[in-house]
Amino acid sequence: PLVELRATDGKGAVPGTQKIGVVFSGRSAPGCHDLLCGLVDALRSSQGSQVVGIVGGTSGLFNRQTVELTPEILKAYAGTGGLELLGRSIGRLKTDEELESARA
Numbered sequence: 001p002l003v004e005l006r007a008t009d010g011k012g013a014v015p016g017t018q019k020i021g022v023v024f025s026g027r028s029a030p031g032c033h034d035l036l037c038g039l040v041d042a043l044r045s046s047q048g049s050q051v052v053g054i055v056g057g058t059s060g061l062f063n064r065q066t067v068e069l070t071p072e073i074l075k076a077y078a079g080t081g082g083l084e085l086l087g088r089s090i091g092r093l094k095t096d097e098e099l100e101s102a103r104a
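For the sequence shown, position 63 matches number 63 in this note's numbering, and the numbering has no gaps at all.
By construction, these hints were calculated from the structure, which means they are not laboratory data.
Just to be clear, a hint being listed does not mean it is correct.
To be verified - Label pairs and their computed distance ranges (CB to CB):
(1) 66 <-> 90: 18 to 24 Å
(2) 66 <-> 95: 35 to 41 Å
(3) 21 <-> 81: 18 to 24 Å
(4) 79 <-> 6: 30 to 36 Å
(5) 50 <-> 78: 16 to 22 Å
Every residue gets a Cβ at the ideal spot worked out from N, C-alpha and C, and that includes glycine.
Sequences are here, hints too, so could you generate the full structure?
The following block contains the structure:
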């Protein structure tokens with residue numbers, strides 16, 4: 001996995017500046033815009049952190065088509081649930097080479 005989550009007691013150091021990328025692929029699902037709103041809102045307390053949206057699914061990931069997601073941009077999409085902001089693809093990462101390209 002690209003991200004590993006672990007349970008903690010909540011007393012450890014919070015990482016400083018973080019840059020999180022979000023890409024949607026597969027079938028459409030409700031709540032995607034709200035997920036983005038929540039993620040951006042959660043990172044506002046971490047000065048210098050940002051959420052980057054990958055536009056167009058996996059093709060946007062490989063072509064580096066990104067947009068910084070801010071509260072101002074997301075305001076128009078809050079509560080709408082869809083995928084209109086970033087779009088999606090039906091493709092997925094299938095090979096180790098594609099995974100390495102995504103990490104680069």
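Against the structure, the hints come out as follows:
One distance hint, 18 to 24 Å for the beta-carbon pair residue 66 and residue 90, holds here, with the actual separation near 20 Å. Distance hint check: the CB atoms of residue 66 and residue 95 are about 22 Å apart, inconsistent with the given range 35 to 41 Å. For residue 21 and residue 81, the hinted distance range of 18 to 24 Å is satisfied, since their beta carbons lie about 21 Å from each other. Judged by the Cβ atoms, the range 30 to 36 Å given for residue 79 and residue 6 holds: they are separated by roughly 31 Å.
One distance hint, 16 to 22 Å for the beta-carbon pair residue 50 and residue 78, holds here, with the actual separation near 18 Å.
Of the numbered hints stated above, the single one contradicted by the structure is hint 2.
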